[in-house]
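**Student:** Under full-length UniProt numbering, the letters of the sequence shown match residues 1 to 185, in that order.
Since the hints were made in silico from the structure, they are not lab data.
DSS-like cross-link-like pairs, simulated, lysine-lysine; straight-line CA separation at most 27 Å: (1) LYS64 with LYS130; (2) LYS100 with LYS125; (3) LYS130 with LYS87; (4) LYS125 with LYS64; (5) LYS143 with LYS81; (6) LYS130 with LYS81; (7) LYS143 with LYS100; (8) LYS143 with LYS83; (9) LYS133 with LYS100; (10) LYS100 with LYS81; (11) LYS100 with LYS83; (12) LYS100 with LYS87; (13) LYS184 with LYS125.
Just so you know, these numbers come straight off a predicted model, no measurement behind them.
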Amino acid sequence: MSAPSLLRHFATPARSVSAASRLASSIRYTQQFRSMANAQPQARFSEGSDEASLSSTLDTLLSKGRWALVNEGEAVERSFKFKNFAKTWDFMTAVSLQCKTHNHHPEWSNVYNTTFIRWTTHSPKGLSVKDLKLAMICDALAKDFGEVEASAAGTPDEGASCGIRGLADKAAGTAGDCCVPKPKN
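The task is simple: from the sequences and hints, build the whole structure.
**Tutor:** Right under this line is the structure:
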């Protein structure tokens, strides 16, 4: 094939449209993939819950960008950072008193000035009114105890954030089922 015919062969509009079409398709695929990767799971509420009311409360919590819907939509979680360990411990004590009042507990962990909290209901499985109410109480208590805003504190690297979450996962995994009645001795 001569150079001019070879040049005409590769410069045909059909090939250019095809390449442009493939590029556009690739861009659409990438955008759809990113959208799916960033999409939150669908909330899964405990059996017998008022889903309309809980959806509204959940939307309010999530809209602030601090709580995340996790575990296939069955839990909400976030970290709280304070000036020092003493403030963190005071916050945890206040949360524990609310847990006692509401007869509910979180999956949580603490490292120095940071507390990780995950709210979920184990029986019946899913998000319950107690989870969302206690999440809102945590936000109010954190403000009262001087939570350090992420921008002021410096955002912890993802590894540290995952590490404290991993502590809660490990503790929850070894603790046994909290919702099974304990044998009386």
